[in-house]
Amino acid sequence: MNAKLGPAAFLAIILACAVVLAILPFVMPPFYVRVGQLMLYSAGLAIAWAILGGFAGYASFGHAAFIGVGAFAAGLVEDRFPGLPTPLLLPLGLLAGGAACAVLSAVVAYPILRLRGTFFAIAMLGVCKVCAELNNNVDFFQGSLGLNFPAIAPPDWDPAIFYYQLYLVAGVAVLLIAWQIRRSRFGAGLLSIREDEDTARMLGVPTERYKRQAFVISAVLTGLLGVIYAHSLGYITTDSVYRDDTNLSLIVYSLLGGMGTLFGPVIGAFMLVFVTQVILARLLDFHLFATGLLLVVLVLTAPGGIIGLVRGFRQRRRAKNVAPAE
Amino acid sequence: MSGTPILRVEGLSKAFRGLKAISDVTFNVVSGSITSIIGPNGAGKSTLFNLVTGYLAPTAGRVSFKDRLITGMPTNRIAELGVARAFQIARPFRDLSVAENVRIGALFGKAGARDVEAMTRHALELAAMTELADQPASALTVGQLRHLEVARAIATRADLLLADEPCAGLNPTETAAMIDVLRRIRTSGVTVVLVEHDMPSVMEVSDRILVLESGRLIADGTPAEVSSNPQVIKAYLGTPD
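So the sequences go chain by chain: A and B. For the first sequence, this note's numbering gives the first residue as 120, with consecutive numbering after it. For the second sequence, this note's numbering gives the first residue as 23, with consecutive numbering after it.
Derived from the structure by calculation, the hints contain no laboratory data. Everything numeric in this text was worked out from a predicted model, so none of it was measured. Every residue, glycine too, gets a C-beta built ideally from N, C-alpha and C. Any given hint could be a false lead.
As the list claims (entries may be wrong) - Some but not every residue of chain B turned toward chain A, in silico, with C-beta under 10 Å:
id: 1; residue: THR75
id: 2; residue: TYR77
id: 3; residue: ARG90
id: 4; residue: ARG99
id: 5; residue: ILE100
id: 6; residue: GLY131
id: 7; residue: ALA133
id: 8; residue: ALA135
id: 9; residue: GLU139
What the hints assert, rightly or not - Here's a subset of chain B near chain A, in silico, CB distances under 7 Å, partners left out:
id: 10; residue: MET95
id: 11; residue: ALA101
id: 12; residue: GLN110
id: 13; residue: PHE115
id: 14; residue: SER119
id: 15; residue: GLY127
id: 16; residue: LEU129
id: 17; residue: PHE130
id: 18; residue: ARG179
id: 19; residue: ASP181
id: 20; residue: ARG208
id: 21; residue: THR209
Work out the full structure: start from the sequences and follow the hints.
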């Protein structure tokens, strides 16, 4: 399918889509620019999550930990440099947030990646809770007090459109990284880990190292998106970044779109955000309930997600065409 | 039998709590040979493979491959040196096609430069799987899955193939096809160690046979020597009365 498309053609299509998406907010009503922000942010998170959860099969239930750690690390560091020119603040924050997530994930990886399946997922939820509690209760981190983030949008740039386009750039970057991983030997190794980790090791796949690398890449990309998110909010507390509904949504995005695929998480994130923010806009209290319900229905009826359904449909049609006409 | 040993097993023992699964087993595998390990169920054949590939750590003893001590090395490091294994119960990557399965073997396995696509083709051909290359692994029969196991192991460019009962549960035609594949693999320069129950095939294909009983090595020799060894006849082949 995608494999038949050359890398140059793939890149061209992605960049063309990105240009169209970049122009859209100038003609969209402000409400939809906000929805678009959330869609792009969620899609970026979904792909970052899928590098570990989809490609390697290590589904994390606590990736909000990296959003929180990234956001707070960025905020605390940016606070130390009040005199810095505005254009340098975000790069500094990204550096701090990415580094904090890299260190945290590299340390946590050793004990936690020995666990498989549900045990890994639940242990990650534990990691998220521990980080949130520490962040909230250690005064130095200012989690309960809250952190202010400086306005970084250039004065002649509508902040809503600025963050929309920032999320777009970040999302495309994450997508291209995931795409390159998928095409590489590393990606094939992750795939074999997902399929059967013991067999992979027997074939010479350095499973422990690959899992750690995928974990750190996934954590850092999630943290970087968390830094942008914190700036777009302007003010964060522990509760606004270590969110349980984020932990849940990241799994649902991949399940909805297609677990283990490149575009599944994107499709899932776009659809779920659209449904909850636009269709269920007047029923915001209802939205976590709807997400949970959708999760149950999906697991029971379409374990391969939307991409799985489309592939199944195509295969059946091809089988029908091959069968003798009768 | 003379020749340079590719694999040396010295005084290898493995105990699971009280049970001695392997006791003080010593043997060499000559480079370029087909060596079979036979023995009744529970004799310790699979445990021996698990010890050589690093899945289990031995209680005592040492294993060296190409004069390098591999006891205690992680499984993937042993694979990088050139040891591959085909499982008795086939463990394909079910979501992938036959060719994709084999390609994973070609991408990893023994360290060093390689041509992944050429190696994949070569391994598929050697295991007589070329025509099934695009099939999903989940659609294969038991016999075809065994061939896939062997093809994937060969694609790793291993120098030593450990084949765990590749003929178990196969009909005579399939068994003959698998024996033919193993011969071709040996001809291509890979040393084969085979665990097998099917005595006629073992006698026909092996250069050398090791007999395990209750974790002990009770005989080691050519097919003719082993089949006339009274201890082997008593322990494994059964007395005629």
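The hint names MET95 of chain B as touching chain A; please verify it with the least Cβ-Cβ distance against 7 Å.
Since the shortest Cβ distance to chain A is 12 Å, the answer is violated.
TODO: Mind checking the CB of PHE115 of chain B against every CB in chain A and telling me if the closest is under 7 Å?
DONE: holds (4 Å)
Notebook entry, point to check: Was the hint right that ARG208 of chain B lines chain A, CB cutoff 7 Å?
Noted result: violated (21 Å)
*Does the interface hint hold: is ILE100 of chain B within less than 10 Å of chain A, judged Cβ to Cβ?*
holds (8 Å)
| said: For the restraint on LEU129 of chain B, tell me whether the closest CB of chain A is nearer than 7 Å. | reply: holds (5 Å)
Notebook entry, point to check: Measuring from the C-beta of TYR77 of chain B to each C-beta in chain A, is the shortest one below 10 Å?
Noted result: holds (8 Å)
So, GLY127 of chain B near chain A? Judge it on the closest CB pair being under 7 Å. Result: holds, 5 Å to nearest chain A Cβ.
Have a go at the GLY131 of chain B hint: is there a Cβ in chain A nearer than 10 Å to its own Cβ? holds (4 Å)
Would you check whether ARG179 of chain B satisfies its interface hint, that is, whether its CB is within less than 7 Å of any CB in chain A? violated (10 Å)
Practice task
Identify whether the interface hint at ASP181 of chain B stands, where standing means a beta carbon of chain A within less than 7 Å of its own.
Solution key: At about 13 Å, which exceeds the 7 Å cut-off, the nearest Cβ of chain A leaves the hint on ASP181 of chain B violated.
ALA101 of chain B as an interface hint toward chain A, with CB separation required under 7 Å: holds (3 Å)
Item to check | Status of the hint placing THR75 of chain B at chain A (closest C-beta pair under 10 Å) | outcome: holds (6 Å)
When the structure is compared with the earlier hints, violations turn up for hints 3, 8, 9, 10, 12, 14, 18, 19, 20 and 21 and for no others.
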